[in-house]
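Asks: One letter stands for each residue in the lines below.
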Amino acid sequence: MFRNSYDNDTVTFSPTGRIFQVEYALEAIKQGSAAVGITSDTHVVLVALKRNAEELGSYQRKITRIDDNMGLALAGLAPDARLLSNHLRSLSMRQQFLFDRPLAVNAAVASIADKAQSNTQQYGRRPYGVGLLVAGYDEKGPHLFEFLPSGSMLEYVGSAIGARSQAARTYLERNFDSFEKCSLEQLIIHGLVALRDTLPQDKELTFQNTSIAVVGKDTKFTILEDDAVVPWLDKLDSTSRRPQRRETANTNENNEEGETTDITEDMVDNTESTESTNSTGSVTNAENAEDDNANANSSAEGDNETDPNDRMED
Amino acid sequence: MQHTQEKWGRPRDDVYGPYDASYLNSEPRTQTLQPTVTGTSVIGMKFNNGVVIAADNLASYGSLRRFIDQERLIKVGSETVVGVGGDVSDLQTIEEIMEGLEISESYDEPAQSLTAPNIHSYLQRIMYKRRSKLDPLWNALVIGGFKNDEPYLAFIDLLGTTYTAPAVASGFGSYLAIPILRKLVDREGDQQNVSKEQAVDAIKEAMKVLFYRDGRALDKYSLAILSKKDGKPDVEILKDVRVENQNWSMAKQIKGFGTQDE
Amino acid sequence: MSRFNPYGDSSGGSSLAIAGADFAILAGDTRHSTGFSIDSRDQSQIADLGDGLFLTSNGFSADAKQLVDDLRTQIKWYHHNNNDHKLSISAAARTTMMLLYGKRFFPYYVNPIMIGMADDGTGAVYSFDPLGSYDREPSRAAGHASELLMPFLDNQVTFANQLDPQTGEPRKRLDLDLQTAVDLVKDAFTGAAERQVQVGDTLEIVILTKDGVDRQYYDLRRD
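Chains as they are written, first to last, in the working numbering: chain A, 1 to 314; chain B, 315 to 576; chain C, 577 to 799.
By construction, these hints were calculated from the structure, which means they are not laboratory data. Quick reminder that beta carbons are idealized off the backbone N, C-alpha and C, glycines included. Please note that a few of the clues may not be correct.
[What the hints assert, rightly or not] Straight-line alpha carbon distances no greater than 20 angstroms define the calculated DMTMM-like cross-link-like pairs of lysine to aspartate or glutamate that follow: (1) B/K447 / C/D799; (2) B/K518 / B/E385; (3) B/K443 / A/D100; (4) B/K461 / A/E225; (5) B/K461 / A/E139; (6) B/K546 / A/E139; (7) A/K140 / B/E416; (8) C/K662 / A/D68; (9) B/K447 / C/D646; (10) B/K443 / C/D585; (11) A/K217 / B/D463; (12) A/K220 / C/D660; (13) A/K115 / B/E423; (14) C/K652 / A/D68; (15) A/K140 / B/D449; (16) B/K447 / C/D585; (17) B/K497 / C/D618; (18) A/K140 / B/D463; (19) B/K497 / C/D624; (20) C/K662 / A/E225; (21) B/K461 / A/D138; (22) B/K461 / C/D618; (23) A/K220 / C/D627; (24) B/K461 / A/D100; (25) B/K443 / C/D645; (26) A/K140 / B/D422; (27) A/K115 / B/D463; (28) C/K679 / B/D449; (29) A/K140 / B/E423; (30) C/K652 / A/D100; (31) A/K220 / C/D624; (32) B/K443 / C/D646.
[Unchecked claim] Counterexamples of contact, computed for chain C against chain B with all Cβ distances above 10 angstroms: (33) Q619; (34) G628; (35) L724; (36) T734.
Whenever a hint applies, use it, and build me the whole structure from the sequences.
Replies: Have a look at this one:
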């Protein structure tokens, strides 16, 4: 079997200018269940899908509070996210302690993005295996940032990360015009609809697997879970019914995008689709047919064989 | 040859003299044990639309009038003034710290606003940290600015002690200026009934009394007037302000020290 | 050459706490002074720690501020690590003791008093010495007027060393009702402000019951 010689560390570029360990880290995010974030001009909403490793096991928490003005949703390795959120909590308390003011959202995300970047440029280090949607409110208003292990941080009106998040992003792209003037209630519903679009056909949003968090003007960061989610799921049902999905929905979506030159996008959808559709989507396009991609591809197929419930990413 | 092991490898007493162990009993290392070149009082009061702060331009070396144009009001950020009394070299340290703060704050894009409560908190942590290291910055600080469009005035000393009040003063000012300023603003809220002109007059009057009675004061001072114009902060620092209408006729009446004519 | 003294005499005036069967009261004046100079007439010394806990720390006020901020940080971490579980007053008191004793060899020069509702629904007052020794008590006073306030509380709250004139037995401690306790606090501070120059301006009272928090303000002598 072919072995990729450029993916052993984060300090070696492949001849095509890629750093594979970083790309694998981005894969870890797509193994995790989805999280969606949306902003209006007053609030930010995070919604996330929780998974339990076993039927009798507890659900992994997806949303963490950093402080009264900030919180985050994670997709990928939850322990890595715990480390990062503890760092942010320290930072937030330090800002309060030193300057008597809340931590600005961009400063917070820049800090963890710098940590993530240094992991991509030092020998012997591992990139974080987690993506974060950081939601916060500061003197400049509501903010939603996406953090990635590559060290990138980008601000969004709406964003989604995690398994099958492309479906959510498609929904957000079609509706983002209306977000700005949305009420908090409408914003949460939009978030839930987007999150629901990421579900495979045999799954539903339930009060057990859905987390909602809000933050904004005069609203402290609040996480809704379990019973507190029920009324929102009821509202979701009364406002919009779930459209019947096509059999090959996810592969078609990728084709619609047309821009999915990134091999990783195919991988994730394949991984997830073991539950419903066949993973024919793993055929790579011309650009990905290079030798040093082959291994990435085969590893993706390897993932397909594992039971989705056995994964450690959430 | 020395035959006792404990002497091995040590400098020989007959060559170098006996070991000097006195450092073992010395005091811990400290920096400022006492101020050297000092500025005297800083005073400040609130009015209905802002804050006035004043500090004279004298840096004394003991009782010597060493430097007569020392600026002791520092503008920090766009809407805050810090008045500094006490050791002048420590004042310069604080000036550098404030400069560093402004620079590091400007890195963030978009930059967060840096207001008086932020600067007050930061300076208090610095002063308390230094006193806890037994290496204090020997200063008294008066911070004036705004908090949510309301006037903000605070005081910090070299121990990190801090409080806010509508009228604050350091050093002799706390005995001589405070009674004059409290005629207008005794407690929080009183500033609502005080105009900018009244506040400036009161501060000028207090600076005059301080020049009369404080031997380390100068009749040349800086006056910072911070106010809100159409919701925007406006910081005006008047330099080389003089104590006007001085009347020293009473000086002749004072007997008991100094050169006497009779 | 004299050594730099890291402790100062800047402080809030006095504070006082009374625990009842179903309430707790914490009171303090709002005067802040350094020596005989009044720094501020409106400096509240009662810190709201969240979770229905309130704290005053009389003594050196820079240390008092540091202690409160440390405690707030500890409580924040407790919430982060324990799913926002409410911190009981007994745990908060132990944390305060750890912070105080942690500076055993460079102590916080303060006498903290903490109030809250205990797990069994009774009002709780915990008081501390600067090194961290602490106990739950029926009442406690601290600060410049503690020598004036504490005997008054001993006499009116705990009936210390009083005999019942009928039976000659030690007088039994009654559970104070809230109004009586508040009146006691007001009288105590009126008296303290009369005789102690560092006490005065405004009396701030925090009253804790099962229904929540009530804050009251009363004028004191202002000279």
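Asks: Give a verdict on every hint.
Replies: Cross-check of the supplied hints:
In summary, the hint linking B/K447 to C/D799 is not supported, as the alpha carbons are separated by about 37 angstroms, beyond the 20 angstroms threshold. Restraint check: the Cα-Cα separation between B/K518 and B/E385 comes to about 17 angstroms, which is no more than 20 angstroms; the hinted pair holds. The hinted pair formed by B/K443 and A/D100 meets the criterion: a straight-line CA distance of about 16 angstroms does not exceed 20 angstroms. With a CA separation close to 36 angstroms, the supplied pair B/K461 and A/E225 exceeds the 20 angstroms bound.
Restraint check: the Cα-Cα separation between B/K461 and A/E139 comes to about 13 angstroms, which is no more than 20 angstroms; the hinted pair holds. Using a Cα cut-off of 20 angstroms, the hinted pair B/K546 and A/E139 holds, with the two alpha carbons roughly 16 angstroms apart. Distance restraint check for A/K140 and B/E416: the Cα-Cα separation of roughly 19 angstroms lies within the 20 angstroms cut-off, and the hinted pair is therefore satisfied. About 16 angstroms separates the Cα atoms of C/K662 and A/D68, which keeps this hinted pair within 20 angstroms; it holds.
Distance check on the hinted pair: B/K447 and C/D646 sit about 18 angstroms apart at the alpha-carbon level, within 20 angstroms; holds. A distance of roughly 18 angstroms separates the Cα atoms of B/K443 and C/D585; the hinted pair therefore holds under the 20 angstroms criterion. Straight-line distance between C-alpha atoms of A/K217 and B/D463 comes to about 19 angstroms, which keeps the hinted pair within the 20 angstroms bound. Among the hinted pairs, A/K220 with C/D660 is consistent with the structure: their alpha-carbon atoms are about 14 angstroms apart, no more than 20 angstroms.
Our distance criterion of 20 angstroms between C-alpha atoms is met by A/K115 and B/E423, whose separation comes to about 18 angstroms. A hinted pair counts as satisfied when its Cα atoms are at most 20 angstroms apart, and C/K652 with A/D68 qualifies at roughly 11 angstroms. For the suggested pair A/K140 and B/D449, the alpha carbons sit about 39 angstroms apart, so the restraint of at most 20 angstroms is broken. Of the supplied pair hints, the one linking B/K447 and C/D585 holds, its CA atoms being roughly 19 angstroms apart against a limit of 20 angstroms.
Annotation: proposed proximity of B/K497 to C/D618 holds, straight-line Cα distance about 16 angstroms (limit 20 angstroms). The straight-line distance between the Cα atoms of A/K140 and B/D463 is roughly 17 angstroms, inside the 20 angstroms bound, and the hint therefore holds. Of the pairs offered as hints, the one joining B/K497 and C/D624 is violated, with about 33 angstroms between alpha carbons and a cut-off of 20 angstroms exceeded. As the CA atoms of C/K662 and A/E225 are separated by approximately 18 angstroms, the hinted pair is consistent with the 20 angstroms bound.
At roughly 16 angstroms between alpha-carbon atoms, B/K461 and A/D138 fall within 20 angstroms of each other, so this suggested pair holds. With a CA separation close to 17 angstroms, the supplied pair B/K461 and C/D618 stays within the 20 angstroms bound. About 16 angstroms separates the Cα atoms of A/K220 and C/D627, which keeps this hinted pair within 20 angstroms; it holds. A distance of roughly 11 angstroms separates the Cα atoms of B/K461 and A/D100; the hinted pair therefore holds under the 20 angstroms criterion.
Note on B/K443 and C/D645: the hinted pairing holds, with a Cα-Cα distance of about 14 angstroms set against a maximum of 20 angstroms. The suggested pairing of A/K140 with B/D422 holds, with an alpha-carbon distance near 13 angstroms, which does not exceed 20 angstroms. Restraint check for A/K115 and B/D463: not satisfied, since their Cα atoms lie roughly 37 angstroms apart, outside the 20 angstroms limit. The hinted pair formed by C/K679 and B/D449 meets the criterion: a straight-line CA distance of about 18 angstroms does not exceed 20 angstroms.
Between A/K140 and B/E423 the alpha-carbon distance is near 11 angstroms, which keeps this suggested pair within the 20 angstroms criterion. Taking the CA atoms of C/K652 and A/D100, the gap is near 15 angstroms; set against the 20 angstroms cutoff, the hint holds. Pair hint A/K220 plus C/D624 holds up; C-alpha atoms about 18 angstroms apart against a cutoff of 20 angstroms. Taken as a hint, the B/K443 and C/D646 pair is honoured in the structure, with Cα atoms around 14 angstroms apart against an allowance of 20 angstroms.
C/Q619, annotated as away from the interface, has a beta carbon of chain B within 10 angstroms; the closest lies near 5 angstroms. With a closest Cβ-Cβ approach of about 26 angstroms to chain B, C/G628 is found to remain outside the 10 angstroms limit, as its non-interface label requires. Listed as outside the interface, C/L724 is consistent with that label: its C-beta sits roughly 24 angstroms from the nearest C-beta of chain B, beyond the 10 angstroms cut-off. Residue-level check passed: C/T734 sits 34 angstroms from the nearest beta carbon of chain B, beyond 10 angstroms.
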